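**Student:** Next come the chains, spelled out residue by residue.
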Amino acid sequence: MSLLQIREARVGYIFILPWIIGLLAFTVGPILFSLYTSFTEYNIAQPPKWIGLQNYITALAADMLVPKSFMNTLWYACVNVPIVTVGGLLVACALNTKIPGMRFFRTVYYIPSVLVGIGVYFLWMLLLHPTNGLVNWAVGLLGVKGPAWLSSPQWTKPAVVLMNVWGFGAQMLLYLARLQSIPEDLYEAAELDGAGGGGKFLKITIPMLSPIIFYNLTLSIIGNLQVFQEGYVLSGDGTGQPANSLLFFNLHLWRQAFYYFRMGYASALSWLLFIVIMALTAVNVLVSKHWVFYEGGGPND
Amino acid sequence: MTNSSHRRKRAMSKAVLFLLLLAGSVLVLAPIYWLFISSVKTSGELALYPPTFWPRAWHFENYINAFNQVPFARFTLNTLLYAAISVAANVLVNSFISYGFAKIEFPGRNFWFAMVLATMMIPGFVTLVPKYIMFTKIGWVGWYLPLVVPQFFGDPFRIFMMRQFYRTIPNELIEAAKVDGASHFYIWARLMTPLVKPLLATVAIMAFKAAWNDFQGPLLYVRREVWYTIQIGLQMFRGQNATQWNYIMAMSLFSMMPILILFFLFQNYFIQGMNVSGSSK
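Protein chains in written order, with our numbering: chain A, 1 to 301; chain B, 1 to 281.
Bear in mind the hints are in silico, worked out from the structure with no lab data behind them.
As the structure is a computational prediction, the values presented were derived from the model and not from experiment.
There's no promise every hint is true.
Quick list of the computed label-pair ranges, beta carbon to beta carbon [unchecked claim]:
hint	chain 1	residue 1	chain 2	residue 2	range
1	A	Leu53	B	Gln267	51 to 57 Å
2	B	Leu20	A	Glu191	20 to 26 Å
3	B	Lys14	A	Val28	51 to 57 Å
4	B	Leu22	A	Leu53	58 to 64 Å
5	A	Leu53	B	Val26	42 to 48 Å
Idealized CB from N, CA, C, for every residue including glycine.
So here's chain A without its partners, still in its complex pose (with noise of 0.2 Å):
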């Protein structure tokens, strides 16, 4: 190496050394603290005391609630990401035609995910009131008597699905980018071989936009998973209640680490999910290669 180049390669550590030094202090330590931790008793007060795969034993044999949260967790990504995901795709397809009103109608349908934070939650308690809400009046208009929502088991969990599936302009835009961008030529090209409404959209506007469904399908599966406020503010009090339904895997984490102070099983806690996600997140790669159609190559450019 010149003189030059290692003068080059000092600088250039200069400039990534708040990212390495974060990257250690702030991730990579943690992440092995909390590794070993996960094998200890551990409240802060005290010092952590090894217990080997006791924390694991317990979360999967014993904790009646990590199986509960669990599946409460399950169910909602499993309801809201196909949800969000096609309502995004279907909108953003009505909104890439020519027709009058188009800024109006993107800029109204995105403005709900706009609208973010612990205002929207109370919103919603409001809107979903078993008696006087907004929702239950346009249900009886129906003729059908709406349920009690956030009172009631069965539908606390629909009730959040609905204040997401509100917000879903985020994912429609996303589609809406994409979609400008696949030539008019291509279209056309289908037409001329006869292809109607229903052809062109399953063999051209899907394969276009698989790289970015497939992207988005990732990320939001691990961060369903990861839900956390919905259940801590809609419960009203943080406790994941009416029975337990809006306790979510990471709100038990929480209520374990913050309320109970069991930091050792909160980490086990957190090693589990971590490694649900990753083997998501593995199987959506190994999938993806089998329907996403990357345009000219491959997904790293």
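With chain A held as given, fit chain B onto it using these hints.
**Tutor:** The following block gives chain B in isolation, referenced to the frame of chain A:
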């Protein structure tokens, strides 16, 4: 099929689509309208069934009353402070790091960049407990230190996004500046800043939005009421006023306004940030 019937069919389907989109808009906007009118009703009117779609009287004083019940002004200032530090840290540090990754050749660069990509895959809750223990041990719990200090060490998503952008800037520009004796620090601070302004704006908005809406962070680390942020203050307010939904709606709407205003002022930057951070919310 004749050309004109084809055209008529297309016009028909466009009309149907338009009507569907219009109906959808009503559904999408109804909750926002509801939020607003509920915030100016009396709590008695809010309890009526069927609900009233036009307030009998507009009680804008609900906002003032709610503001007086809980120190929301203080919470707003706190949140602005938290957001300002976040914005400054994110704009400065992420652009610095990503310039290094994009424009300087050094051994090990690919390895460290692979680490950036790997960190993007690690979910936040994995480090939640150990970080809490660490911040407790060093005595940082109570104020925003655990929330803002890590932001001075870069965020993988933003580093990735900015590095992609820096790479589109031609190297000739940098080489020419180097011939003139400019250092990388000078090039990053002076030459690049005007070129990457839209990118800095995007990152600034993303960071502001993240801080303003942060709930879990302050919930875990902020202890004294004087340092509550708007989200935590709102949660506490609801806990204390379980019945006065008009006040809760007023403050909910208030808490959403800054982001909504930012959106209408800077739509393009906003949407750009959205596309990068994706849907993982």
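**Student:** If you check each hint against the structure, which ones fail?
**Tutor:** When the structure is compared with the hints, only number 5 turns out to be violated.
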